[in-house]
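Trainee: The lines below spell out each chain.
There are 2 protein chains.
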Amino acid sequence: MELHILDHRLKIASVPRDSLHSCTHGVFKLAFLAEKTRCKFFSFTQTPEDYTLIVDEEGLKEFPASERLTVADATWAALNVASGGGHSPAAASAVGVTKIAKSVIAPLADHNVSVFMLSTYQTDFILVRERDLPTVVRTLSAEFIFVVAVDFLVLTYFSDITSPARRPIIHPLACPLNRFCITSLDPATLPSVATLLMDIMFYSDGFPNNLLFTSSSNEMWKMVRIGGQPLGFDECGIVAQISEPLASGDILAYYISTYKFDHALVPEEEIDNAVSLLTFRPELSR
Amino acid sequence: MELHILDHRLKIASVPRDSLHSCTHGVFKLAFLAEKTRCKFFSFTQTPEDYTLIVDEEGLKEFPASERLTVADATWAALNVASGGGHSPAAASAVGVTKIAKSVIAPLADHNVSVFMLSTYQTDFILVRERDLPTVVRTLSAEFIFVVAVDFLVLTYFSDITSPARRPIIHPLACPLNRFCITSLDPATLPSVATLLMDIMFYSDGFPNNLLFTSSSNEMWKMVRIGGQPLGFDECGIVAQISEPLASGDILAYYISTYKFDHALVPEEEIDNAVSLLTFRPELSR
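In the order they appear, the protein sequences are chains L and R. Just so you know, UniProt numbering puts 220 at position 220 of the first sequence, and the rest follows in order with no gaps. Just so you know, UniProt numbering puts 106 at position 106 of the second sequence, and the rest follows in order with no gaps.
Don't take every hint at face value.
Copies of one chain are not kept apart here, so a pair can be met inside one copy or by any two copies together.
Simulated crosslink set (EDC-like; lysine to aspartate or glutamate; CA at most 20 Å straight-line) [as the list claims (entries may be wrong)]:
| id | residue 1 | residue 2 |
| --- | --- | --- |
| 1 | K61 | D186 |
| 2 | K102 | E58 |
| 3 | K260 | D73 |
| 4 | K36 | D18 |
Hints in this document: simulated from the structure, not taken from any laboratory.
Between the sequences and the hints, there should be enough to build the whole structure, so can you do that?
Mentor: Quick look at the structure:
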């Protein structure tokens, strides 16, 4: 498993649910006409609370007129977890926050580095503030060795780590009834589904037609939402609180942070197991 | 030839060239996801001066947040010129403002009815203010007889009309160097070209790729732009001033009004002929 520090300077922004129209022009361009922008990183997440946009500085330039866009102050760097095999389908099955709970998430939490997780079908992105990068490298270099590559810093994972003390979960959890499908789309096929995606992203409350989006396997996922009040960006250890118990139960999990809350996705047949692991209070069993 | 009074209540609006982003959300929905709106009439015209939108009252509801949208006060009705054969390709060749210059345009001008012309590949729309409809029906009923149809009023053309006295052209004319292609798209194929059209409509100055838009024939068109200062909506006879000389020369012409100017399109091999007809001053030859 490799950990890359990607060459992006990312901004995290939020758009109110009732104000997406003010950003439609920019979002459409970034989502469907990427070749017309210099943006190299674009993420769009809809939750009941808001729309979360993650873009690099070039992407942010596409929203000159969006006074409804709230952009967090910090600039973030992206750590990219990729298996040795790169992004092959085989490697894809090896991702998920569970796989990096002990090797990456826990050490960063131990050193008070706030992380913003963004799992995708192919890989996981761990966003950390640029100003924390020295700490990140110092922290992880205890477990990794440096290999300088052409266009990014490659940290090659070596040894496993002994599990730290159990972190108490300090934020309320919620399990929506929704079932989720985690899937991936070949960019080359994007034009053929553009109007459907436009419909889903901008003009529909639900998911009117997911026939195009059935994952290769038929696995469905359930969500654990973390946070009652918006979490903010300063608190450390939230991802670790969730990912470590799931890792201890060997439950594969995707983890998606948004501007206001965090979201862990686990295979639906594991949701009960995951909830019991997350709600288990060791101090009560002493 | 038939003239239909369509059941639309239309509004004519203008968006500044630098403010399209404020209307992108609504325009995309009307252009690419028509089934999600109750709008039955939508027209989008880009000129160097502005974007002109023509929508019915339902369509206008898609622009709640577009304070940059300037909507003309009047509500317009649409007269639709269709050949007997309806909208078959054969019939399409029979449209163009030239065909209705004497039978529709001239009589309306004679009775001081201001018209807003909108030619399309398939047919021509003559927009008149709702308040002028009684005058329109009275005027044209001298040359047409009424046939009441199921969902619209059909006026079936009977006799030709003697040409009225030559109307002097009172607005400056201009001939851009551009060559234009007048074409048509099967709505069923719209999704397959949505991203290309999005690119053309919103993110490109020019026409980056017109391979998809070559007309069945290879005929190209040249434009005569009418108006130095914005024409406004009150003046009568402008379309007549242009269409009658072209009709006298039997030059097929499409005519497109926008919020600020009028535009006549003639086959490029006819442009010199058209210009000489339009700039001929009978009073000078007396």
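Trainee: Look at each hint and say if it fits the structure.
Mentor: Tested hints:
Proximity of K61 to D186 under the C-alpha cut-off of 20 Å is found in neither arrangement, the shortest distances being 26 Å within a copy and 35 Å between copies. For the identical chains of this complex, K102 and E58 are neighbours neither inside a copy (34 Å) nor across copies (56 Å), given an alpha-carbon limit of 20 Å. Taking the shortest Cα distances, K260 and D73 sit within 20 Å of each other inside one copy (15 Å), while across copies they are farther apart (44 Å). With identical chains, the CA atoms of K36 and D18 are at most 20 Å apart between copies only, with a shortest distance of 18 Å across copies and 27 Å within one.
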